[in-house]
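J.: Protein chains in written order, with numbering that gives the first Met the number 0: chain G, 0 to 126; chain P, 0 to 379; chain Y, 0 to 295.
Incorrect hints may appear among the rest.
What the hints assert, rightly or not - List of simulated lysine-lysine pairs, DSS-like, C-alpha gap at most 27 Å: (1) G/Lys77 - P/Lys29; (2) P/Lys168 - P/Lys29; (3) Y/Lys118 - P/Lys29; (4) G/Lys77 - P/Lys168; (5) Y/Lys118 - Y/Lys279; (6) G/Lys89 - P/Lys168; (7) Y/Lys242 - Y/Lys216; (8) P/Lys306 - P/Lys29; (9) G/Lys89 - G/Lys77; (10) G/Lys89 - G/Lys44; (11) G/Lys77 - Y/Lys118; (12) P/Lys227 - P/Lys97; (13) P/Lys97 - P/Lys29; (14) G/Lys44 - Y/Lys5.
Bear in mind the hints are in silico, worked out from the structure with no lab data behind them.
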Amino acid sequence: MRIGDSLPEWHVEATPTFVISTALATRDFQDVHHDRDLAVQRGSKDIFINILTTTGLVQRYVTDWAGPHALVRQVNIKLGAPCYAYDTLKFFGQVVGREDQDLTIEVVGRTGHGDHVTGTVRIEVPA
Amino acid sequence: MNAAIVGIGATDFSKDSGRSELQLAAEAVKAALEDAGLTPSDVDGLVSFTMDTNAEIAVARELGIPELTFFSRVHYGGGAACATVQQAAMAVETGAAKVVVCYRAFNERSGHRFGQVQTAAAANIDNSWSYPVGLGTPAAMVAMFARRYMHEYGATSEDFGRIAVIDRKHAATNPNAWFHNRPITLDDHQASRWIAEPLRLLDCCQESDGGVALVVTTAERARDLPNKPAHVKAATQGSGTDQFTMTSYYRDDLTGLPEMGVVARGLWERSGIGPSDVDVAVLYDHFTPFVLVQLEELGFCGRGEAKDFIRTGALELDGSLPLNPHGGQLGEAYLHGMNGIAEGVRQVRGTAVNQVENVNHVLVTAGTGVPTSGLVLGQG
Amino acid sequence: MIDIEKEAARIAERGECAPRLARDPVNLPMIRNWLEAIGDEHPGYTEVAPPAMVQVWTMAGLHGQRTLDDPLGAMMTVLDEAGYTSVVATNSDQTYHRYLEVGEQLSVTTSLEDVTGPKRTGLGEGWFVTTRSTWWVGDEAVAEMRFRVLKFRPAQKLAPEPEVHQAPQAIRPSVNRDTQYFWDGCNQGELRIQRCGGCGLLRHPPGPMCPECGATKPTYLVSEGYGVIYSYVVHHHPQVPGKQTPFVIALVELDEGVRMLGEFDGEPGVGQRVEVVFTKVDDDLTMPSWRPRADR
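Extracted from the complex, chain G is given alone in its bound form:
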């Protein structure tokens, strides 16, 4: 795991089931994450993924790659275009910093509308 290493591209199909089940599993009951009629009334194209899920996906993307022994210390994310139901959310990542056992990974999650999430994850890997 060296600076410049790329994480394998990962695709998440944001089906309505995925959007809703993750919203509920994160105890986020806002209607825009489970009720399409209300989401459309509020000006959205469809229901969309909530922030806590995005945070969870970013964490999963990095730990899937780093392995179960890596410890997650920080997840910093900047949110962009919503990820709507039926979008494909594509994750890309790269190691951008390393100090001893501390790694910083830059992560981007994109849909056809643009960047949904950009951020960095700091992990600690076993020596």
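Here the structure of chain G is known, so what remains is to put chains P and Y in place on it, guided by the hints.
T.: Leaving out everything else, chains P and Y in the frame of chain G:
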């Protein structure tokens, strides 16, 4: 020439900017002026593309540029890119203006998409020989050249694909590139769908929203400004015999780009350098086959030999002719060639993200298949 | 007129709100629901929770109400009243000091860190509101979050663009004095090639002045309609009005020496012999196209 690019600026490159084209233009010009260490009141000239929707006076109003003594436009789509700098350089040399900003801004993905069939374009008499028969996209128009080129020289789809792989490789390490972190393999290229045979999806550049601006002034003035200037060693336009826009199908030969040959002769003659003196090549790459043809027209290799030249690794960052270190329009963004000029300036300054060592001369070309233009940028 | 900055300072001055308890202790059923929904198969979450779940434990729930001293709620009210009625989250920066163990009881405190604006954004004019939350187990701070939202006044919605009626018909050529003879010829079943009345130069596409001799008296001859494919394209994407993809466009070199574009019906190849066919589009337009030359 006695002129230099002293400032570069750009917006973010996206697929949906969420703002007007005028705002993109204003943001890019503002950023370029800040980079140059100049203010809007220093500007007295503006140059853009005929295709740009942002009037010079509108841009001047937004920036608070008080008076203009020179404003000009260049025709033929992406072929205008380097010619905007030529216009600006001629203006500052003749004293028509002191500081000229060249700009190009559009919502080319979220708004008017060049990749779609523009039915209205058939109103042009020249286009009436192509659009009504179903030849209505830039990709298809280039594909007609590409098929003949393959037939004559034995080039293959893979030979085209190697250009895409190089651009995407360079974009992968450029955080400003849309395809940052997303390199492709030749297999990816070969697996991508047909757009207009023999062109695949990955032979075609992106469609992008964004804006780029460049600040040009005299070499003397440039000395007093904060950035290392990128001197305009030569700038020229080029149009060939029996020239059409995208459909010059009626010449004896269909395997060259004679208009780029005109540019090449002009650049080598006026800059006093030749192909072997070029340290970085920023070649217009809206479609991969025309990068091969440009290598030949510009004299980097012989006719039909580009496919072999590419295989030597010459176009890699550590090769003899590093190609599009920013990722080009296939990798970074499609800004009608203006982002390529900005990359040329960064390579001369030594500030590019994929910086090539010891850069003395950068060659930049503009749109291909159309009347075009080119630049040699260099150290003072 | 509401002085937003003053209100923000007043709310910020109150500092952290009272700790709000998580409904349940960190527990395995919720962890497993979360892992299942996210699709995370990480084997390590049997006694500790995924760090990214930290905010989940203290979510207000389906019928949750903001507490009165919640600084984010208070700031939202101020901005609502000032006309900044829409909200979108822009940043979430979470730091985890340690992993949380099953059974631990969490609480959270929040303070208003920063309010800046008004800023012009792509969504409309608005204010960025930043809060800082700390999660506690007893008096141990276990995680922190800086959270930023944009509270904005929605930009005036542009009127929806009228549905562009995509003409399904083929794209029609423009015709002028210089090209009329060609399209007239097609209507009459003749493939006409411009011929200079001065020097006899054959030329396609045509023009009003002969580039060889400068004469401006073009005439035409009628082509035999035979040629070979010089190059071709198989068009797949995007859709083209009046065409069914994929289709072939061929650049044909006529036996008379000029080249001409046209749709080709068949399996194409460079050098293939073709002949012209005329396809009537409507009463005013007939298009020339190509097919493989019939054996004679």
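J.: Now tell me, hint by hint, if it's right for this structure.
T.: Consistency of the hints with the structure:
{"no.": "1", "hint": "G/Lys77 - P/Lys29", "result": "holds (25 Å)"}
{"no.": "2", "hint": "P/Lys168 - P/Lys29", "result": "violated (31 Å)"}
{"no.": "3", "hint": "Y/Lys118 - P/Lys29", "result": "holds (17 Å)"}
{"no.": "4", "hint": "G/Lys77 - P/Lys168", "result": "holds (26 Å)"}
{"no.": "5", "hint": "Y/Lys118 - Y/Lys279", "result": "violated (59 Å)"}
{"no.": "6", "hint": "G/Lys89 - P/Lys168", "result": "holds (18 Å)"}
{"no.": "7", "hint": "Y/Lys242 - Y/Lys216", "result": "violated (37 Å)"}
{"no.": "8", "hint": "P/Lys306 - P/Lys29", "result": "violated (42 Å)"}
{"no.": "9", "hint": "G/Lys89 - G/Lys77", "result": "holds (16 Å)"}
{"no.": "10", "hint": "G/Lys89 - G/Lys44", "result": "holds (19 Å)"}
{"no.": "11", "hint": "G/Lys77 - Y/Lys118", "result": "holds (17 Å)"}
{"no.": "12", "hint": "P/Lys227 - P/Lys97", "result": "holds (18 Å)"}
{"no.": "13", "hint": "P/Lys97 - P/Lys29", "result": "holds (17 Å)"}
{"no.": "14", "hint": "G/Lys44 - Y/Lys5", "result": "violated (37 Å)"}
The structure does not agree with the numbered hints 2, 5, 7, 8, 14 stated previously, though it agrees with the rest.
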